[in-house]
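**Student:** From first to last, the protein sequence lines are chains A and B. Residue numbering for the first sequence follows the numbering used here, starting at 1451 and increasing by one per position. Residue numbering for the second sequence follows the numbering used here, starting at 5 and increasing by one per position.
If you are wondering where the hints come from, they were derived from the structure by calculation, not from laboratory data. Check the hints yourself; a few may be wrong.
Unchecked claim - With beta-carbon atoms standing in for the labels, derived distance ranges: (1) Leu1665/A - Phe73/B: 51 to 61 Å; (2) Leu158/B - Thr1745/A: 40 to 50 Å; (3) Ala1585/A - Arg88/B: 19 to 29 Å.
Unchecked claim - Interface residues of chain B toward chain A, partial, derived using beta-carbon atoms under 10 Å: (4) Tyr91; (5) Glu121; (6) Gly122; (7) Val123; (8) Ala124; (9) Ser216; (10) Ile257; (11) Ile261.
For glycine and all other residues, C-beta sits at the position ideal for the given N, C-alpha and C.
Below, each chain spelled out in residue letters.
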Amino acid sequence: MASARLTALELLLWGAAAVAVAVLPSVLSIFGVVQITVFFIFCLLAVSLDLAWGLAGLLSFGQAAFFGVGGYVYAIISMNDATTLAALVAAAGAAGVAAGALGYVAFYARLSAMFLAVMTLTVTLILLQVMGSTADPSYHIGMAVLGGYNGMTNIPSLALDPPFVSARALGPIGFFWTVSGLLIGVVVLGRLLMIAPFGRVLVAIGENEQRVELLGYDVRWRKLAIFSLSGAVAGLAGALFSSWGSFINPEVFSLAQSAQVVIWVLVGGRGSLYGAIVGALLVQALTQYLGSIGTAYTTLALGSILVVFVLLLRRGLLPTIVRGVTGRIAAADGVRQR
Amino acid sequence: MEFLFVTLIGVAFAIASLVLLSLGLAIIYGMMGVINLAQGELIMLGAYTVILSSAHGLGVWGGIVLAPFVVGAIGLVIERCIIRFLYGRLLDTMLATWGLSLAIIAAVTLALGPTTEGVATPLGHVAIGDYALSVYNLFVIAAAAVSVGFVWALFNFTKFGLIARGTMQNADMVAALGIHPPTIYMATFALGSALAGLAGAVMAPLTGVVPSLGLAYIAKVFITVTVGGAAIFGGTLGAGVFLGAIESAVSFISTPIYGQVAMLGCALLVLRIAPQGISGLWRRRG
């Protein structure tokens, strides 16, 4: 699945995705479009984790933290009369820097993968408590009131505001196209990255870090680079999320939220970027269905899914299916060739 | 003078609660290298044991005595059903226990409701000069000391402790000598769970008990154990003293939130300097 070359099938898939995205708004109701938009934002978040975890084996338990940082930075900057586009870029940048700072501590101290997981988890929980404690109106940055656990409301929606032209809000369909375009763009760039020498070294790091080091590669800055990139993409998703609902609250830093990202990628299968998207869509659909019964049931189901997949289906759905299919084809080919 | 005494008791309490809460995980991590993310939920289950026992006439003390056994048994089931398939796969263990943690929180919410339960703090107060000091806080300090002493004695003076330490150093050699290492792991995990249950039970009268209680402790516990490193006693005690002192000092100056933030910041700093935790520093010198 995570093949080292682009296949014609893959190019076809990108084309099909672009066409589907272009056509979807005319098929669906506005409500449907808005719904799919947030699903795609979560797909972007899932892809961001897969960039670090799937490629280089860097499991961040705090991907939701970078998402949240992006969301809050977008909210704070856009509410202070900056253009929303600048806020979007700043959000991705801030999340990237945050990931970079954490990554610097972890990778340059050569902490093990497990410590990275513990660290990212702890930072997420601390952020939850810190942002939750800002309920007092005196906690504000410029005109943006942080609002504690109630969160921030009235966040401006993303508007494409080219210089010298009056800003125009995107509207649901325009926003949908922006989100989908960014998602496809990130997947395409991510795949190109995986094919480039840099990406191949990353995959090798994920498989056997020590061997890569012995071959003379400096693994530290490479891990730092992909981890920051992953954080930046998560921040971008967070910014889109707070623009989508005009709302963000510290819930984005909760453990359940962090777990969800990991579950998406685990269910779909890591290492291909496509698996992350499949997982996010499937689990999100399930969550929405169960959410109508009660949130406790959702959490129960998500927790059980996590345990079952780790124990029984470690590769995730997509790689398992693909391996099943291609394995059968390869077996048939093998018979023919012999 | 009285102020100093009360402040010192406060710092000792912060350290003791940190050590008490972390001891279970420290054993599980130090002995087996397993990071159990459901540890916070084991603490929560211990706290609920106290709530349920005082609701059914056994009282708070009955609950505190009962909790290690109840939670130890639950830990045994978890080890048999999940953990034992994942030994040697660190990240997978973390993921599975994370899922378990979510599932336990949801199950308890469904069974007992999402409301905050509480029991009155027993033992009352003593007056020290102008200050009222909760006697229960002294009990927590005593409980932490007794737990650490018990575990230390168990590992150093009993046959089980000898075998367990042997398994930690070289499981293959222990197996070659005719002892089944998985049985030792199972017992160790149950022991770690029981200690988490005890910690939760002891802390229960001091906080409101909700299904998400474990989340409040888990960050602290992890940071303490990670900073402590592989040495169970020295590491956890050292990290507990260091982090507990920082947390209570900063909390005293500003708010508990900043206390936690300062604790995390220091922990990251320590890990940057000593990636193996503070017990790694001693080992390098020794």
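**Student:** If a hint holds in the structure, say so; if it does not, say that too.
**Tutor:** Against the structure, the hints:
1. Distance hint check for Leu1665/A and Phe73/B: the Cβ-Cβ separation is about 53 Å, which falls inside the suggested range of 51 to 61 Å.
2. Take Leu158/B and Thr1745/A: their Cβ atoms lie about 41 Å apart, and the range 40 to 50 Å holds.
3. A beta carbon spacing of about 45 Å between Ala1585/A and Arg88/B contradicts the range 19 to 29 Å that was offered as a hint.
4. Of the supplied interface hints, the one on Tyr91/B is violated, with its beta-carbon coming no nearer than about 13 Å to a beta-carbon of chain A, more than 10 Å.
5. Proximity of Glu121/B to chain A is violated relative to the hint, the smallest CB-CB distance being about 17 Å (cut-off 10 Å).
6. Given hint, Gly122/B at the interface with chain A, is violated; its Cβ is 21 Å from that chain's nearest Cβ, farther than 10 Å.
7. A distance limit of 10 Å between C-beta atoms decides the matter here; for Val123/B the minimum to chain A is near 24 Å, and the interface restraint is violated.
8. Hint status for Ala124/B relative to chain A: violated, with the closest Cβ pair at about 27 Å, above 10 Å.
9. The closest approach between the C-beta of Ser216/B and any C-beta of chain A is roughly 9 Å, which is under the 10 Å cut-off, so the hint is satisfied.
10. Interface restraint check for Ile257/B: the shortest CB-CB distance to chain A comes to about 16 Å, outside 10 Å, so the restraint is violated.
11. Using the Cβ-Cβ criterion of 10 Å, the hint placing Ile261/B at the interface with chain A is satisfied: the shortest such distance is roughly 4 Å.
Going through the hint list in order, the structure does not satisfy hints 3, 4, 5, 6, 7, 8 and 10.
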